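Visitor: Line by line, the protein sequences are chains D and A. Residue numbers for the first sequence follow the working numbering, so the first one is 912 and each next one is one higher. Residue numbers for the second sequence follow the working numbering, so the first one is 716 and each next one is one higher.
Everything hinted at is true.
Some but not every residue of chain A turned toward chain D, in silico, with C-beta under 7 Å:
# : residue
1 : Q898
2 : L901
3 : S902
4 : G904
5 : P917
No wet-lab data here; the hints were simulated from the structure. For clarity, every value in this text was computed on a predicted model and none was experimentally measured. For each residue, glycine too, the CB sits at the ideal point set by N, CA and C.
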Amino acid sequence: MSIDVRNVTKTFGSYTALSNVNLQVKDGELVALLGPSGSGKTTLLRIIAGLEIPDDNPDSSILFHGEDVARRQVGERQVGFVFQHYALFKHMSVFENIAFGLRVRPRHLRPSNDVIADKVNRLLKLIQLENLGKRFPAQLSGGQRQRVALARALAIEPRVLLLDEPFGALDAKVRQGLRNWLRRLHDELHVTSILVTHDQEEALEVADRVVVMNNARIEQVGTPSEVFHNPASEFVMDFLGNVNVFRGRIENGFAELGHFSLKVPHLPKSEAQDANVYIRPHELEIELQANGTPSLPATVARINPAGSYAKIALAASDGRELQVDLPFERFSELNLHLGDHVFVSPKKVRVFVPEYVI
Amino acid sequence: MSHPSAAISGGKNRRAANDPLWLQSLLISLSLGFVGLMLVLPLSIVFIEAFRDGIGAYLKSFDDSAAWEAIKLTVISSAIAIPLNLTFGLAAAWAIAKFDFKGKSLLITLIDLPFAVSPVISGLIYVLLFGLQGWLGPWLAAHNIRIIFAVPGIVLATIFVTFPFIARELIPLMQQQGSDEEQAALSLGAGGWQTFWRVTLPNIKWGLLYGVILCNARAMGEFGAVSVVSGHIRGKTNTVPLHVEILYNEYNVVAAFAMASLLALLGLVTLAAKTYLEWKVQQELQSSLEPSSAEA
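Model the full assembly from the supplied sequences, consistent with the hints where possible.
Guide: Printed below as a string of structure tokens:
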């Protein structure tokens, strides 16, 4: 089931939650809406579900497989919605929670008890909680509850699965496990899914495509690799991972950053203007000797080797602090110590010209 | 403070336990004595007086059509007031807890009005409104409708006095629960009624029952407001509390206390039910806060 959101705006009083948003999701895709809190991602998800109504606008529509559902109630859209805080029915067993969507169907569409039991048991198996059907939500762990919430949403055979920060309330270890599990589940079921998250790692790891949102707008849509390696805006660059920012000027394909200049090939013929240069920590190289390439002298200020790479903080000669991520082989090769004098040079830079000059 | 370290390590409990015996006994006997003197003693006097001339005389007090009429009227007026206040309380709590609208805080304040106003005033309001000299009095008289000094007035006064009970019980409960579960039910295809019966109601049932019990106790025991609008017509517009007063004023002490014993009994049953419900809710709360088994 493809989803097509067109020209959707949503305001709450004087607050704009979504400003003329357009989004296409292909059939069977898993898309992540990623952004800081207040960026409008949850509002967009709830509008797709039918839990919020977009502002009146003749041009705005929400199409499920080409059919406009904007006027349909949430119950008629056949969406599976998974809430951040699970929203399980406290007074019902796990089994009854999952069966709920089938039991509330109109009599002529309601499956028999045997069919319901069969289906619920299959879903319990799918979420690996086969023996916990009789338990109540209060007797489950957070991760188990979220899986029950997912099974409950899947029981109605939704055309679209919508997940609102599904792992937001869980601890890091459980999140990681559930994330992988969700990806495998999606590969198995192929139901079109939209996942809201503020965790960039989660979005990049799970989704086929990532929609980066900020300030009620979509900043960029792309595969995880596209948004990470070719961010379309400063915001995306900044939001997806750590970054070192240099303020400087660009002119004729060169960026002037204080006392050294860098070639910026993608802006060859630009007029002289202020610009921000972004360099990711893993895209900075540390040398012990100046080797001719443009480089910045710096001193090692902190070393944090706990992680999959060594994190080095450098104090540059002009006073600013730089973050560098080094692979361990390189780290031990350099044999860095606190206070060492080194030279830093970028392997890759991105330059963004501020859109609004104040 | 010869052992300061002991006092510190023991915390509050230890220090309370270290209070001298005389202070402990003084506080305990003071509280018990007060409760005994002010509550238990009067309550037992009700029963002692009612049974003063033996169980035969007690039972004979009920062998009186006026007594039965009073009991009947009391039951009828609460039977009307409770369902109405139940509906109103649910609607108000739902609106306040789940929607945002202008005048919400005004509504919350107004719901408390009957608590703030003296019951006599509540009764007077209806007399001024529906009485012969009242605003609507002439019109009602012309159409031969009697409200004041008749059953409808008593029912109205009862409703007025008791309407905060259920709403007040439900508002904080529903506010705290939010509407996530309802939204989940709707997204799963349930209709409005199905959502209400299968999700909302089970979540608030204990609070609702608690409100109903308190509402019932007040509805049956109300004296002031009902007294103003009733007119005290024996066998017609007398509720149990009013009947107690009449009997007592007639020096019919045994009958008066026999009727009063019914109200006292109602109070005791209410108290027991209230305690049971609080215990029950505590149990459910405990089970939902039970440390969850290993994360998985």
